[in-house]
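Enquirer: Residue strings, one per chain:
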Amino acid sequence: MMQWLYDVLIGPLAPVSHQKALIGGCLIAVVCGVIGCFIILRRMAFLTDALSHSMLAGVTAGYLILKLTFRSDNLDGPALLLGALAAGIVTVALVAFVSRVSRVKEDAAIGMMYTGIFALGAVLASIYRDVIHIDLYHFVTGQTLGVTDNDLWVMGVITAFVLSMVVLFFRQLQIVSFDPIMAAAIGVPVLAVEYLLTTCTSFVVIGAVNMVGVIQVVGLMVTPAATAYILCDRLSRMMVLASGFGVSSVVGGIYLMSWTGNFPPGASIVLVSTLQFLVVLLVAPRYGMIADWLRRIRLVPEQVVEDVVGCIRRAKGKAVTLEAINKFVDAPPTQVQRAVNALERREWIEIDDARISLTADGRREARRLLRAHRLWEAYLDHVGVAGQAVHAQAHALEHVHDEETIDYIDDKLGHPLTDPHGAEIPEDFVHLVPGNEVKAALLREGHRAIVTDVQPPVTATGLTPGAAITAGPRRDEGETWTLITDDGEEVRLDHNAADAVTVRLISDGFTDSSGEAPIE
Amino acid sequence: MNSEVSNNPPAIEVENLTVSYGPTPALLDISFEVPAGKLVGVIGPNGSGKSTLIKSILGFLNPDFGEVRLFGQPADDAVGRVAYVPQRGSVDWDFPITVKDVVLMGRYGHVPWWKSFSKDDHQIVTESLEMVRMADYQGRQIGQLSGGQQQRVFMARAMAQGADVLLLDEPFAGVDAATERAILDVLERTRAAGKTLMVVHHDLATAAEYFDLLILLKQRMYAFGPPSAVLHAELLSEVYEGKVRAFADLVTTGPTNNGGAR
Chain S
0 MMQWLYDVLI GPLAPVSHQK ALIGGCLIAV VCGVIGCFII LRRMAFLTDA
50 LSHSMLAGVT AGYLILKLTF RSDNLDGPAL LLGALAAGIV TVALVAFVSR
100 VSRVKEDAAI GMMYTGIFAL GAVLASIYRD VIHIDLYHFV TGQTLGVTDN
150 DLWVMGVITA FVLSMVVLFF RQLQIVSFDP IMAAAIGVPV LAVEYLLTTC
200 TSFVVIGAVN MVGVIQVVGL MVTPAATAYI LCDRLSRMMV LASGFGVSSV
250 VGGIYLMSWT GNFPPGASIV LVSTLQFLVV LLVAPRYGMI ADWLRRIRLV
300 PEQVVEDVVG CIRRAKGKAV TLEAINKFVD APPTQVQRAV NALERREWIE
350 IDDARISLTA DGRREARRLL RAHRLWEAYL DHVGVAGQAV HAQAHALEHV
400 HDEETIDYID DKLGHPLTDP HGAEIPEDFV HLVPGNEVKA ALLREGHRAI
450 VTDVQPPVTA TGLTPGAAIT AGPRRDEGET WTLITDDGEE VRLDHNAADA
500 VTVRLISDGF TDSSGEAPIE
Chain V
0 MNSEVSNNPP AIEVENLTVS YGPTPALLDI SFEVPAGKLV GVIGPNGSGK
50 STLIKSILGF LNPDFGEVRL FGQPADDAVG RVAYVPQRGS VDWDFPITVK
100 DVVLMGRYGH VPWWKSFSKD DHQIVTESLE MVRMADYQGR QIGQLSGGQQ
150 QRVFMARAMA QGADVLLLDE PFAGVDAATE RAILDVLERT RAAGKTLMVV
200 HHDLATAAEY FDLLILLKQR MYAFGPPSAV LHAELLSEVY EGKVRAFADL
250 VTTGPTNNGG AR
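Sequences listed follow chains S and V, in order.
If you're matching positions, the first sequence starts at 0 in numbering that gives the first Met the number 0 and goes up one per residue.
If you're matching positions, the second sequence starts at 0 in numbering that gives the first Met the number 0 and goes up one per residue.
Bound-form chain S, shown alone (with noise of 0.2 angstroms):
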């Protein structure tokens, strides 16, 4: 059993190059995750991967002018830095220059130019082959197990020198890259910090070259960022994450290749850090598939919560049970059995053995969506929808039932007691309180106030602020508002001259403080 664990864990790490390639991955993986944010935000993805391919040329270029005025043979750091930064540069400048002095889009400026310089690198290692030492094969495809301590050097330089850049310029970087135009005007020097971006990109890409090859650097560096992206919402804990999962798909892919024995080592850590943004993606809590899926499902339509109020009120104060509320609601029961949870959280209803039944909450929300269906039903009425098809209009409608609109309704109607089959439209229950003041075209028969205002056209005599009144029955077809004076005086109203006079309720004649009116 340790033996076993020996081998699975320790083991890879036993050869010297492994040790080696760990190191120096993870030097550059932590650079490659912070720049990366920086790179997935600004969307220059595609400019790492020029980058990348323009090195080549700035490489053979590097040495070749090293090697003619030194002649010397080591000086592959020096020559890999000074070149691929060079060659980052040009490559960036000559980008800007195509898009600004032509119409062409910069994503095509990219496209034409690295190529190009890759073709001039590529044109240049063949004909000195001879001189340079440049695999082409390894600079594509990396060459992680020939991590020299030469190269740890470079990477741990670059490592160092790219973090301490962004340590100290985080907060530059970051206004750049969130709004240019005021950084610019708050005297940020926007273009040097752009180039101080594209150089730390040029290093870091000069590093994961080295690791991976120029084909997977974009994965090296785009991935571990992406994967943090979808995991937060600021972008220093993002940088954080992104050096983490740059790290672990480099360990990831070290033992990848041990255990299997043939994969070729780029391609491990760049398969592992694809495979783990996968299943980030998949289980990420709040811009993950899982999660979103979860959230879909659970949502339930209000229109559908509404028609179970619906029909829980129907049953006139006595409880249902969760079959009864299936036969009646056009839903499926998965969606009723999540209207119903959502009902009890909102403490709308109340479960007892499986017997639901409302609350004095639910009743009030009853009532309110009934008297906004009762309303759209007296409303299609009005503008002359026939008989059978105002019930299921009214039953569409009676969802869009915000306070401002049934009071539209409501006051168009001449505030109406009953919808055409008859019924009774429930009394405005938001403004009509004891103690507030309303309209008087608001009162229903009963109800006790006393008057605060009265504008004109009103002039009756009985009706002076302070007089208290009670409400009595609406004549001529409810177009006549009728208020009793303490005195036994009925005034009669019409519906202008009702909203005219403001009155303070004192009681609601029927109701119980509770507001639990009766609902049939």
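Don't read these hints as lab results, they were simulated from the structure.
Hints are not guaranteed to be accurate.
Said to hold, decoys possible - Examples of chain V residues toward chain S, derived with CB under 10 angstroms:
#	residue
1	Asn15
2	Thr17
3	Ser19
4	Thr23
5	Pro24
6	Leu27
7	Ser30
8	Glu32
9	Pro34
10	Asp63
11	Phe64
12	Asp93
13	Pro95
14	Gln218
15	Arg219
To be verified - 30 angstroms max Cα-Cα, derived DSSO-like pairs, lysine-lysine:
#	chain 1	residue 1	chain 2	residue 2
16	V	Lys37	V	Lys99
17	S	Lys438	S	Lys411
18	S	Lys326	S	Lys315
19	S	Lys66	S	Lys19
20	V	Lys54	V	Lys217
21	V	Lys217	S	Lys411
22	S	Lys104	V	Lys54
23	V	Lys37	S	Lys411
24	V	Lys99	V	Lys114
25	V	Lys99	V	Lys217
26	V	Lys54	S	Lys411
27	V	Lys54	V	Lys99
28	V	Lys217	S	Lys438
29	V	Lys37	V	Lys54
30	V	Lys118	V	Lys99
As the structure is a prediction and not an experimental result, all values here were calculated from the model.
Just so you know, even glycine gets a beta-carbon here, dropped at the ideal spot from N, CA and C.
We have chain S; now place chain V onto it with these hints.
Expert: Chain V in isolation, oriented as in the chain S frame:
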């Protein structure tokens, strides 16, 4: 207008239109009729349902209730009688296309894909360009025009579609005073040619001057009628919730007849 024209069905007829996206309606119980040959402004605060109204007239939306008719036909059947002039933002101005080709796009709906354009099509394109006074620019690439000229090209395209009703989404947004004049001039010429135009507009100060009829909208229709009937300080402060200070200056001193439907 003679009696023969007024007997025709109205160009745009909206009846009891209610559109909602949830418990709050985007449009509630909107009813109005626009006779043919009018220039109508739609005003109202942000989020008041102006674009929902335009989309409903284009037949893009399923209303909860109510109807939209164009010349007496339901909006769904009147495809081709109504054209939409978008805001300028949505177009790639570097696209390699000339002014004439843009206007010719207006004919695409009339010509089967296997046929080439007829002389009539080209004639219509030329007339449309003349109507907006852009005939001299037909060989230009569209990015080389000024903002107002671009707006006029898209109006010409709408006219080349053969539509009788044109819906414009804020044609005056972000243009200078001279350009605004030029666009208004085109709107008036279009109206003179018998088209009906409905324009989403933001500037209350110019609304009275530019339009024959105004619709004041905020979910419900607060007023509809000639500017003198719509631009009342009371109404405006109710709709804009007192946010516009200079209501008093805007209000025309015309008769205070209650042409507004409430």
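Enquirer: None of the hints should be skipped; say for each whether it holds.
Expert: Hint-by-hint comparison with the structure:
| no. | hint | in the structure |
| --- | --- | --- |
| 1 | Asn15 | 5 angstroms, holds |
| 2 | Thr17 | 7 angstroms, holds |
| 3 | Ser19 | 5 angstroms, holds |
| 4 | Thr23 | 5 angstroms, holds |
| 5 | Pro24 | 5 angstroms, holds |
| 6 | Leu27 | 6 angstroms, holds |
| 7 | Ser30 | 9 angstroms, holds |
| 8 | Glu32 | 15 angstroms, violated |
| 9 | Pro34 | 22 angstroms, violated |
| 10 | Asp63 | 6 angstroms, holds |
| 11 | Phe64 | 6 angstroms, holds |
| 12 | Asp93 | 5 angstroms, holds |
| 13 | Pro95 | 9 angstroms, holds |
| 14 | Gln218 | 8 angstroms, holds |
| 15 | Arg219 | 6 angstroms, holds |
| 16 | V:Lys37 with V:Lys99 | 28 angstroms, holds |
| 17 | S:Lys438 with S:Lys411 | 14 angstroms, holds |
| 18 | S:Lys326 with S:Lys315 | 17 angstroms, holds |
| 19 | S:Lys66 with S:Lys19 | 27 angstroms, holds |
| 20 | V:Lys54 with V:Lys217 | 16 angstroms, holds |
| 21 | V:Lys217 with S:Lys411 | 16 angstroms, holds |
| 22 | S:Lys104 with V:Lys54 | 33 angstroms, violated |
| 23 | V:Lys37 with S:Lys411 | 29 angstroms, holds |
| 24 | V:Lys99 with V:Lys114 | 18 angstroms, holds |
| 25 | V:Lys99 with V:Lys217 | 39 angstroms, violated |
| 26 | V:Lys54 with S:Lys411 | 26 angstroms, holds |
| 27 | V:Lys54 with V:Lys99 | 27 angstroms, holds |
| 28 | V:Lys217 with S:Lys438 | 23 angstroms, holds |
| 29 | V:Lys37 with V:Lys54 | 19 angstroms, holds |
| 30 | V:Lys118 with V:Lys99 | 14 angstroms, holds |
Of the numbered hints stated above, those contradicted by the structure are hints 8, 9, 22, 25, listed in ascending order.
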